[in-house]
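Asker: Given next are the chains, with one letter for each unit.
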Amino acid sequence: MDFNKNDFTNSKSYKLINKNYMRVSFIIVAILIFLSTATYCLSQDLKNSLRLQIGLGHIARQDFVFSPFIHRDLSPLNFGICYQRDKKYFQNANLRLALLSPSHSDIYQFFDDNKKETTSPHFFTLVDLDYWFGKSIKQTDKVSTKVGLSVNADIQALNYVYGRIGSFGYFSSFGLGGFVNQTYKFNDKNSLTAYASMPIISWFARSPYLVNDDEFIENTSSHSGVKTFFAFIGDGKPATLNRLQMVDIGANYTYHLSPKWDIGISYLFEFIHSSKPRNLLSYKNSIFFNTNFNF
Amino acid sequence: MLFLSGCEKMFIEPPKNNPEAIFENLWTTFNEEYAPFEERKVNWDSIYNVYRPLVKSNTTDDELFQVLSNMLKVFDDGHISLTAPNRQVFYSNRIRREKIDDELFNKQIIKTYLESDFKTGTDESYIYGKIKNQNVAYIFFDYVADNWFVLEEFLNKYNNVNGYIIDLRHNQGGDFTYCFSAIGRLTNQNRYVFRSKTKNGKGKNEYTEWKQWYIEPNGNFVSKPIVLLADRYTISAGERSVMAFKTLPNVTFIGDTTNGAHGTMIGRELANGWYYSLVPQKVELFDGKSYEGIGLAPDIYIKNLISEIEQGQDKTLEYAIDRLK
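Residue numbers (this note's numbering), protein chains in the order written: chain A, 1 to 295; chain B, 1 to 325.
Hint data in this document are derived by calculation from the structure and do not stem from the laboratory. Using N, Cα and C, we set each Cβ at its ideal position, and we do this for glycine too. Among the hints, a few may not be true.
[Stated by the list, open to error] Using C-beta positions, here's what the derived DEER-type ranges look like: (1) Gln139(A) with Glu13(B): 41 to 51 Å; (2) Asn279(A) with Asn190(B): 38 to 48 Å; (3) Asp235(A) with Arg52(B): 32 to 42 Å; (4) Asn205(B) with Lys276(A): 14 to 24 Å.
The task is simple: from the sequences and hints, build the whole structure.
Answerer: Here it is as structure tokens:
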């Protein structure tokens, strides 16, 4: 994530973008992995499960700050780790990372000062961290329904590439909302869980109207990725459903191999819409292959 | 499937991929997002009337590229470019496009003026050293980014010289805040450099508030004489760096007028995959004037001659050395 760049006038600047971009991506992912691991460690108890996910993700995104076109990509670089504890209360901590290279046109070659260059797709790093805390409201042999509060952090580093130049963009939202989760047990081996979560109120920060302005430049002027990251977030505003609409809807099919191990497949639909400062519509469909360890 | 079809319908229809729609999209985007029309004396509505009739539904890619290039040529803006498959990038700025006087600056010749222990950054992002047989230190910056942090090392290493030559000729720009952070030792007070504002709506007068930018003291103050060099290829953040040096009383600016493209630059894309760039920002120097499309004029105008360069001489650099020795 280049949280450090504003005025891109040449390819050397663009290389700098990538360098900072990767550095801050690493920091953020490391922080989130640390948080999820800490959650895991603090909750050593029965009825816990740890799920690792890897799968395909498809994004379609139209963000008028950067382009009026719809950018799409199908990427195998989708990863998730989920810790779940189901005892008196139900807790779920989920970290997901997706790396996508969307574009609306084909790659091609061009010449800049007689040097052959090649265009690149845009590059998005999407990080989601969700935490649910709730309890069961219905429990039968076949069906279990849980509801509760959800906290979500959604951080997106958006590296838009326009041939010879690039621009950095960001989207971050820290929301508080609710979730519903229902599990249906077909038999001892097979179960299906469907869920939905939606933030009601969020702290929301996005790139300015035309990619970068003085406030953006000032935020990057520390030349420290971490300071810039928090400066961007600090420039955010509270948002309710009239300004930001986000929803996650998913389903997990689980096959119980043994008391300790499950495997499965899951589907996740993530939706984002915001109209300020310019219209953004993004939806992402992911299919994950899961391995669960129960302890 | 319901999610997918429902979401697809929520997208705002993007511009269509045909010559007329592409022309309209580019013209409208400039109309709504480009800032320095007045500074560049461009009447965009009249430009539309000239060029729009030249694009028809059967216009070829070659013809469309030519029409768009000719239309963008009127800006003569070093930040405006058009990129398309298997072609040279088109630059709106004539100096940059036609490489006018490009050969009057030569880094290999500069190195011959330096003592043999001169240092260079990766890809010659900077070059610094002591001038042979003179008590003068020299540093060149190719662009404005973290390469500027070497300035501290440079000032420490050559703390007993008569003065410094800071060479921003052919500086390609980048992020001016690196320069502003790096030159804190060269000022003993806050100095107002420029103000800028960026478009934040489609209307002609929809801008953010003006933001004033300053350089601030940082570290042991250095007050030695400085000669700043720039030329017609000093552009963008390179020019904003020149603006910062112009606030310092001990700086003499020598060389040629800068390119005159100061505002921040953004990229845009067209339905056929072509890319272009534009400027959504206005900039005014500390004197309250805009030099967009004009450039920052030197205190002392000197331009190398090709005959001198062919003989391995950089007369602009020699003049700077004479000022400081």
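Asker: Compare the structure with each hint and give your call.
Answerer: Structure-based check of each hint:
1. Distance hint check for glutamine 139(A) and glutamate 13(B): the Cβ-Cβ separation is about 48 Å, which falls inside the suggested range of 41 to 51 Å.
2. In this structure, asparagine 279(A) and asparagine 190(B) meet the distance hint of 38 to 48 Å, their C-beta atoms being roughly 40 Å apart.
3. The hinted window of 32 to 42 Å between aspartate 235(A) and arginine 52(B) holds, with their beta carbons roughly 40 Å apart.
4. Between asparagine 205(B) and lysine 276(A) the beta carbons are some 20 Å apart, a value that agrees with the proposed interval 14 to 24 Å.
The structure is consistent with each of the numbered hints, conforming to all of them.
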